[in-house]
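J.: Numbering-wise (my numbering), the sequence shown opens with residue 64 and increments by one.
None of these hints come from the bench; they were simulated from the model. Only a predicted model underlies this, so the values are computations on that prediction, with no experimental measurement involved. The C-beta atom is built at its ideal place from N, Cα and C for all residues, glycine as well. Don't take every hint at face value.
[As the list claims (entries may be wrong)] Restraint ranges, calculated between C-beta atoms of paired labels, are given here:
#	residue 1	residue 2	range
1	Glu93	Ala270	35 to 45 Å
2	Val273	Glu160	16 to 26 Å
3	Glu312	Met274	29 to 39 Å
4	Ser345	Thr164	25 to 35 Å
5	Gly269	Gly333	37 to 47 Å
6	Glu82	Asn383	41 to 51 Å
7	Met274	Asp92	32 to 42 Å
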Amino acid sequence: MTAFLRAATLTNFEQVARECGLDAHALVDEVGLSPRCLNEPDLRLPATSVGELLELAARRANEPGFGLRMAASRRLSNLGPLGLLLRDQPTLRHALETSVTYMHTHAEAFSVSLVESGDLVIIREELLLEGGGPTPQAIEMGMCSLFRMLQIFLGERWEPRLVAFRHPAPANTQVHRRMFGSHIAFGQEFNDIVCNAKDLAAPNLGADPVMAQYSQRLLEREMGVNAKMSERVRRLIVLLLPRGHCKVEVVAQHLGVDRRTIANHLAAEGTTFKTLVNSMRSELLVSYRQNGSKNLSEVALLLGFSELSAFSRWHKNLFNATASEGQKSLT
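Build the full structure now, drawing on both the sequences and the hints.
T.: Set out below in structure tokens:
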């Protein structure tokens, strides 16, 4: 299933490319994107192509902080209608919860969730791309965009308790530390921004509730027209799998419908809940294997299996090979 992003996700791409001595238009053409993507923010782009573009640019420029540099000066307005809605939320918590609900209207490939842990809140990002190839630039760009939203509410000097990335550390982390501060870790289980729960109560004195209602109606109308049930379910699957709660009943509860409604909609779109779960697990498995930092037991838990034996049976049935054999094929 192809996920799309608004071309606004490429804001500042041309500028950063130029600063690195690159021809932005040539790079865009090389990955098969239209040159219009550099000046038409509402153009829909395949997320895999955007990921390829960012990795290509970072590699050619020898700049591991390429995606971060793109997002460093982002404003809420770069999120289009979603940015208008976030701007008028009464508190930071409301803004984050709104991001969780509506992020896919701006970037279908990104999912955001909030995890409460005592006096801490974890803002978790997932990137859903076909093929599961390594895309640290896109992930870091998305994380930096979330971080910028936090700073807009909390002030430029605010720093999180921790910023964690699933991918390994690049050779040079200078841009990362300049952006996020000293509390940063790589090779972690998730892409997380950890902050104090009390920070989320920060009031937004400029919030306009009337405009918030108007912006929300615009987004909900867009969701009703464009969002397929399979896309909505897939976004929830990636968030629920690591928690072991990825059941159709739980997904239905999140969507405010019953399981039969989900089944009927998915059937009309030519798929099933089980098919979507298997597809998402397969994509994540490729990413974890390419990362190489997790053993099979850890991967099994992250894919929603309570026991390694259940993961092994799933792997055997789907790929006609044991999980160990699949791991060895990459070495």
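J.: Now, for every hint given, state plainly whether the structure supports it.
T.: Hints, one by one, checked against the model:
no.	hint	verdict
1	Glu93 <-> Ala270: 35 to 45 Å	holds (43 Å)
2	Val273 <-> Glu160: 16 to 26 Å	holds (19 Å)
3	Glu312 <-> Met274: 29 to 39 Å	holds (36 Å)
4	Ser345 <-> Thr164: 25 to 35 Å	holds (27 Å)
5	Gly269 <-> Gly333: 37 to 47 Å	holds (46 Å)
6	Glu82 <-> Asn383: 41 to 51 Å	holds (49 Å)
7	Met274 <-> Asp92: 32 to 42 Å	holds (39 Å)
No hint from the list above goes unmet by this structure.
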